[in-house]
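**Student:** We have chain A already, so just place chains B, C, D and E with the ligands on it with the hints.
Protein chains in written order, with the working numbering: chain A, 9 to 266; chain B, 9 to 266; chain C, 4 to 242; chain D, -18 to 339; chain E, -18 to 339.
If you are wondering where the hints come from, they were derived from the structure by calculation, not from laboratory data.
Predicted model, so just to flag it, every value in this text is computed and none were measured.
Beta carbons are placed, not taken as given, at the ideal position from N, Cα and C, and that holds for glycine.
One or more of the hints may lead you astray.
[Stated by the list, open to error] With a straight-line cut-off of 20 Å between C-alpha atoms, the simulated DMTMM-like cross-links for lysine to aspartate or glutamate are:
1) C:K77 x A:D238
2) D:K328 x D:D171
3) D:K52 x D:D41
4) C:K77 x C:E38
5) E:K328 x E:E262
6) E:K52 x E:D41
7) E:K265 x E:E322
8) D:K52 x A:E166
9) E:K328 x E:E240
10) C:K181 x B:E166
11) C:K77 x A:D240
12) D:K265 x D:E322
13) E:K328 x E:E224
14) E:K52 x B:E166
15) D:K52 x D:E(-14)
16) E:K52 x E:D106
17) C:K77 x C:E91
18) C:K110 x A:D127
[Unchecked claim] Not close to chain C: a few residues of chain A, all C-beta gaps over 12 Å, as computed:
19) V13
20) L26
21) N43
22) L57
23) P91
24) E129
25) I134
26) P135
27) E166
28) T181
[What the hints assert, rightly or not] Reference listing, derived: stretches of chain B covered by chain A, where coverage requires no fewer than 3 residues with Cβ under 8 Å from a Cβ of chain A:
29) 73 to 79
30) 97 to 109
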Amino acid sequence: MRTTVPRFLWVPAALAWLLVAIPVAGLVVRVDWPNFLGLVTTPSALAALRLSLETGLATMVLCLLFGGPLAVVLARSSLPGLPFIRSVVLLPLVLPPVVGGLTLLFLFGRTGPVGGFLDREFGITIPFSTGAVVLAQTFVAMPFLVVSLEGALRTAGERYEAVAATLGASPATTLWRVTVPVVLPGLMSGSVLAFARALGEFGATITFAGSLEGTTRTLPLFIYLESESDLDGAVAMSLVLVVVAILVIVVSRTRDLR
Amino acid sequence: MRTTVPRFLWVPAALAWLLVAIPVAGLVVRVDWPNFLGLVTTPSALAALRLSLETGLATMVLCLLFGGPLAVVLARSSLPGLPFIRSVVLLPLVLPPVVGGLTLLFLFGRTGPVGGFLDREFGITIPFSTGAVVLAQTFVAMPFLVVSLEGALRTAGERYEAVAATLGASPATTLWRVTVPVVLPGLMSGSVLAFARALGEFGATITFAGSLEGTTRTLPLFIYLESESDLDGAVAMSLVLVVVAILVIVVSRTRDLR
Amino acid sequence: GGSDSGSGQQAAPARTLTVSAAASLTSVYQQLGTEFQNANPGTTVKFNFGGSDSLAQQVVQGAPADVLATASSKTMQTAVQAGKIQGEPVVYATNSLQIAVAPNNPKGITSLQDLTKPGVVSVVCAPAVPCGAAAEAAEKAAGVTLTPASEEQDVKGVLNRVQTGNADAGLVYVTDVKSTNGAVTGVSFPQASAQGAVQSYPIGVVNGSQNADLAQSWINFVRGQQGTAALQQAGFVTK
Amino acid sequence: MSRLEVDVAVTRGSFALDVSVTVESGEVVAVLGSNGAGKSTFLGALAGLYRPDRGSIALDGRVLDDVPVHKRRVGLLSQSALLFPHLTARDNVAFGPRSTGSRRRVARATADRWLAEVDATALADRRPSELSGGQAQRIAIARALACEPELLLLDEPFAALDVDVTPAIRSLLRRVVRAAGVTTLMVTHDVLDAVVLADRLVVLDAGRVVESGATADVLRRPRSAFAARIAGLDLVPGRSCPEGLRTAEGTVIGGVHPEPVADGEPAVALFSPASVAVYREPPKGSPRTMVPVRLAAMEPHGELVRLRAGVPDGGPGWVDGLAADVTPAAVADLGVDPGDELWFSVKAAEVEVYPAGR
Amino acid sequence: MSRLEVDVAVTRGSFALDVSVTVESGEVVAVLGSNGAGKSTFLGALAGLYRPDRGSIALDGRVLDDVPVHKRRVGLLSQSALLFPHLTARDNVAFGPRSTGSRRRVARATADRWLAEVDATALADRRPSELSGGQAQRIAIARALACEPELLLLDEPFAALDVDVTPAIRSLLRRVVRAAGVTTLMVTHDVLDAVVLADRLVVLDAGRVVESGATADVLRRPRSAFAARIAGLDLVPGRSCPEGLRTAEGTVIGGVHPEPVADGEPAVALFSPASVAVYREPPKGSPRTMVPVRLAAMEPHGELVRLRAGVPDGGPGWVDGLAADVTPAAVADLGVDPGDELWFSVKAAEVEVYPAGR
Ligand SMILES: Nc1ncnc2c1ncn2[C@@H]1O[C@H](COP(=O)(O)OP(=O)(O)OP(=O)(O)O)[C@@H](O)[C@H]1O
Ligand SMILES: Nc1ncnc2c1ncn2[C@@H]1O[C@H](COP(=O)(O)OP(=O)(O)OP(=O)(O)O)[C@@H](O)[C@H]1O
Ligand SMILES: [Mg+2]
Ligand SMILES: [Mg+2]
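So that you can see chain A by itself, here it is in the shape it has in the complex (with noise of 0.2 Å):
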């Protein structure tokens, strides 16, 4: 099919890029070259891209367990109240991530209701873990999956569900063999968002689940310290992350958007 963008559509459009692509861009010209390979490189460096990584991908594989079944509760079932419940998920959006923060050690820290009870049965001991960056980026990251894929649920409708169940279908197959399939864009772009939001992820972790180098200071919170003492070594790292969500982006969408 030939359709075509109409032709004064690309104005804005160049603008939203650019105000989105110089910022980035400046960035690139910031960072001091000579040094760059150095400041990147260092343990402490290293250890918060590696920690970064491995609970930003914790985080999306959470979103996808909790968040997909969530996305499709709201999409395909008649709960009274659906609003109400699908609103609730927004507000980690709205939830300035700091205060995000300070609600989850209001209830996981060792004084908190849910905390203090894992603390007390078990010695389980959540702010300050790794598991405590993971739970934070979750809490931040999951209305991103979940609001995309319902959006996508919606929009591709229930009619092939409702041929499948009429070959025989059990709900549990039309999940797997017919739902997901259809909504995998909506799936994929979904999961990159949670992960993207899960790497750029700041003020939640630092108050939820503090700052200790290789347990729990994620590159953003590495930046950040940086950029008090350095920043030039927080202008390189930020350039790391930057091309890391680019290499994400890129290879996950390019395979299934197209």
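**Tutor:** Relative to the frame of chain A, chains B, C, D and E with the ligands by itself:
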């Protein structure tokens, strides 16, 4: 159509929802109810709330005006290097907001290339102005609109646009009378996401726009400052933020998504 | 310090003074701002609170502030080196460390040494930020090596941990302990005044300010009687 | 091998369906009716896609009302093919067997068998987006048959099929349905489908059954206008009178009563379009029934030309759609064009008046 | 009022279309062909939805190759209705006029007029999701007509329409097309549509034109198997020989040569299914052409029954699809069932051998 949500999805869905809902509920418990009204109606609090709503709305409009066209271009054109162009749009998601704010400052500050030009030629100073807040929020919120809208455009497909063309509709007419109405759910949820993200934006704003009462001190900044001295006030205002967000989301989504 | 309250400028036309100040100065400055306005009718003081580093960057990038008051000499130096401060900034207050513990000090902590006891969860600021550098200096002076559960970004983070019971002790400033109104108890220790452990608060007029005279009178006001009183009230040591 | 007993009411927006039908085990029923009569809605209700307001569906005594769609063993071929876009044609057909427990190898073999049946083996590895309309329809038929349902529902299965394929698929369906004895309901607009495949016809109108009976009976002696149209007969509703039939606005159509009908009873007059004579001017003194019409359409019909009547200004509504078959020579003589006013006439001896259906 | 000159090649995946056709101003051409022959692809290429690999499309001398879709003034009714889901039926129909500059009031009036033409006035305020399949198809037809294109492309316009509506819409199209003199291409699987509406037929097979000519000529004397099927005739391809025609594997079919055909030239043998006699056993000593077939399907055909041949084990491929029309009494006498082996025979006097088309 009657389709069923597989039963085994309910458990993870409920857990996902609770992960978000319980911390927020914790916030409610934490509020110092007897003083609540007093805390949230101080002139500074009201100024911050008003500024947040105004800039959030302005951001949403800018995202629609510029990000909307960008999403159409990404979904409908066949530019070379599209995956790269698209992934750049996602960068504000991964960039820690503070780094994002810094890059904006480098660019639009009075000594930056763009800001310097504006200052010299027109005497316009961007940092410390409400415009800077909107700029920072647009920078971080744009990807939300672009990604959800592009997904919706792709899922909706080009069939209806092709039909419109055979009926003699120009690309512009097709855009307004076919594309936009068909992807309205995606447009709505993208706008809500962008608005919500703008409402919660903190790091880029405080770094780039500063925190001046009535001019650049939005609600999250206010909450942050307040938390230095008065955690109760911060918690109370967080709750206000949450309620505002829920209202906006419920109102905008119940109307158009069902 | 001087005692000129700036009350001689009553006839001045309506003017706005923009003060970029470290977030830890929020309550003191807000209080002083009101007093300054009362003393100088027709003047409005606007505050831009934030992290010292951001504030310095903003000034360097030409943000239209009149006064810059950071929470460390190092960040002030950033602005000075960029030629953005008129003359020499002055240090008008200092702040020193205390060990913040839960009210009534349930773990019985009395010295830095106690923080290394098993079962005591401690937190400090990261060495890269001023309060962390101070903590490091104090540690060195005391000859102990702490193994903190977390190296926080700022004092507020440390305070938060102690306040919410997630940490048993944390190194923060006296002013921070005071600001909690008894939510945490401060334990003083001798090494707090060691070389490099004391935080200083410099202030200066921003180059290119449209209100340089008003800015200067704000500095004088902060260093004056009312300013000193308020700062001391908050726990600062004034100079 | 299942007897179907249905008595349901379904509401869709402003449309209400209320149908009660019994289909014997292994019987094939053609569901006829004009556009919007509720045929698709009826099949959807049987498959469980719409929740009935009241009533019940039983298959061999097994009450389906609360059985979820996928456990009903009811196969539905819907009006649009709706092939799964992410699966190849073969996997689309294998979907049903796989879902009901067949192993992958077996399901693929089953799929290949059905693809061969609909003459689509060459298309097995194509995606739906790479198929033409008729090819997709064939795959959809194979898919519906491959899960071997107890009750098969087919919504216009032959639309989009070409002249080569239609008879082949028709005979395939006949073979499958007869061999397995699957109880089948089939929506169609083509009388040939009904004649070839169906034991019985059910005619819906505005959501209700207006006629039902053995195919041959209904086509020979329709009682609803729609069934008459399908059967290629002219039908005029009214009430019986001694001379034949009196329409609602009073025209009397002369006719015979092959079976006794009480005077004033609701009745229908039936006659063949071939027995209708057409005039430009009403012939004087003729004993025949004459009605003025406006010519709505002309179409070839075998060797003859079928003239289709419309309502002339101020004329009675029941003439709408009446057909008259005349020779091409007669058309040339008359020199008619659509829009012209004509007179249709029919001899009483060729009109049969029957009691109207329930 | 536009003469259409097309000569294009289009590739879609593994399918290649290469068509060259000229349609005179105001002519109506029926595009026929089996499923997947490339009919929809052809129309899509004319409308500008597929980019041709080479070639050119000219409408009244105006070269359309680089004209964007919306400026071509080519109306396309595609195979699925694709009504805009967010607009009411009326607004769907008004879309074209609005887009080409009519004011709102005028466009609505135009829409209402077209809705009345397709007998859908009552549906004007419905959304597409509230329409039945046939109702949606009618609105789609109204929508395509309402923008008064110079070239009208109709892809199976009558699929899904009921028996009442089909003749009405057919005559509507005839009226519109004749009155406005719109050049029209129409894809159909129903010979009646072609006979009623088309001046000319174009038959596609595997992306190429295999036959084209005036409707009556093609139906009387088809040269492709598909056109013969459409026309209801039996066609056997081969090469001319003195006795009639010799098929590729050597069977000789006796026949007459109404026009001279050189010996050994490619030719087709044409005969009516009614002239085919059917036997259980080959009668001894008959002078007729006899071929063994396997009975593939049986269908009523008017008063007669049409038997459709399949290829028996080891038999020649060309018998596939041959039809024989016999009386129901003969069927009863023969006692045949699909799958049985039979003999088809035809007298030489009833077989005409013509040179094969280009
Ligand atoms: N949501 C709705 N609101 C109002 N009316 C509706 C709705 N959905 C369907 N209808 C109406 O219900 C009637 C029955 O539709 P259905 O699809 O069953 O018809 P059908 O007999 O299958 O017709 P067709 O031969 O055109 O396919 C139609 O008149 C349609 O307009
Ligand atoms: N993307 C593709 N890749 C390969 N083959 C394709 C693709 N798209 C279409 N085709 C093939 O192109 C051929 C022509 O398709 P088209 O839709 O034009 O057929 P048609 O004549 O309209 O058939 P029908 O009568 O079934 O509608 C078909 O054989 C189809 O399988
Ligand atoms: Mg239907
Ligand atoms: Mg087609």
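**Student:** Hint by hint, say whether it matches the structure.
**Tutor:** Results of checking the hints against the structure:
For the hint pairing K77 of chain C with D238 of chain A, the CA-to-CA distance comes to about 12 Å; that is within 20 Å, so the pair holds. For a cut-off of 20 Å, the pair hint linking K328 of chain D to D171 of chain D is broken: about 29 Å separates their Cα positions. At roughly 15 Å between alpha-carbon atoms, K52 of chain D and D41 of chain D fall within 20 Å of each other, so this suggested pair holds. Simply put, K77 of chain C and E38 of chain C have alpha-carbon atoms about 29 Å apart, too far for the 20 Å limit, and the pair is violated.
Pair hint K328 of chain E plus E262 of chain E holds up; C-alpha atoms about 17 Å apart against a cutoff of 20 Å. Of the pairs offered as hints, the one joining K52 of chain E and D41 of chain E holds, with about 15 Å between alpha carbons and a cut-off of 20 Å not exceeded. The straight-line distance between the Cα atoms of K265 of chain E and E322 of chain E is roughly 17 Å, inside the 20 Å bound, and the hint therefore holds. Pair hint K52 of chain D plus E166 of chain A holds up; C-alpha atoms about 18 Å apart against a cutoff of 20 Å.
About 19 Å separates the Cα atoms of K328 of chain E and E240 of chain E, which keeps this hinted pair within 20 Å; it holds. Restraint check: the Cα-Cα separation between K181 of chain C and E166 of chain B comes to about 64 Å, which exceeds 20 Å; the hinted pair is violated. Restraint check for K77 of chain C and D240 of chain A: satisfied, since their Cα atoms lie roughly 16 Å apart, inside the 20 Å limit. For a cut-off of 20 Å, the pair hint linking K265 of chain D to E322 of chain D stands: about 17 Å separates their Cα positions.
Distance check on the hinted pair: K328 of chain E and E224 of chain E sit about 12 Å apart at the alpha-carbon level, within 20 Å; holds. Restraint check for K52 of chain E and E166 of chain B: the C-alpha separation of about 18 Å stays at or below 20 Å, so the hint holds. Annotation: proposed proximity of K52 of chain D to E(-14) of chain D holds, straight-line Cα distance about 18 Å (limit 20 Å). Using a Cα cut-off of 20 Å, the hinted pair K52 of chain E and D106 of chain E is violated, with the two alpha carbons roughly 29 Å apart.
A threshold of 20 Å between alpha carbons decides the hint, and for K77 of chain C with E91 of chain C the separation of about 13 Å falls inside it, so the pair holds. Between K110 of chain C and D127 of chain A the CA atoms are separated by roughly 18 Å; this keeps the pair inside 20 Å, and the hint holds. The claim that V13 of chain A lies off the interface holds: its Cβ sits roughly 37 Å from the closest Cβ of chain C, which is beyond the 12 Å cut-off. With 12 Å as the threshold on Cβ separation, the claim that L26 of chain A sits away from chain C holds: the shortest Cβ distance comes to roughly 20 Å.
Every Cβ of chain C is farther than 12 Å from the Cβ of N43 of chain A; the closest lies at roughly 18 Å, confirming the non-interface assignment. Remark: the non-interface label on L57 of chain A is consistent with the geometry, its nearest Cβ contact in chain C lying 18 Å away (cut-off 12 Å). Non-interface status of P91 of chain A relative to chain C is upheld: no Cβ of that chain comes within 12 Å, the nearest being about 33 Å off. The beta carbon of E129 of chain A sits about 17 Å from the closest Cβ of chain C, which is more than 12 Å, so the claim that it is off the interface holds.
Listed as outside the interface, I134 of chain A is inconsistent with that label: its C-beta sits roughly 9 Å from the nearest C-beta of chain C, within the 12 Å cut-off. A Cβ of chain C approaches the Cβ of P135 of chain A within 12 Å, the least distance being about 5 Å, so the stated non-interface status is violated. Once the 12 Å rule is applied to beta carbons, E166 of chain A is consistent with being away from chain C; the minimum gap is 46 Å. Every CB of chain C is more than 12 Å from the CB of T181 of chain A (nearest about 46 Å), matching its label as outside the interface.
For the segment 73 to 79 of chain B, the assignment as covered by chain A holds, since 6 residues bring a beta-carbon within under 8 Å of that chain's beta-carbons and 3 suffice. Taking a C-beta to C-beta cut-off of 8 Å, the segment 97 to 109 of chain B contributes 12 residues in contact with chain A, enough for the three needed, and the coverage statement holds.
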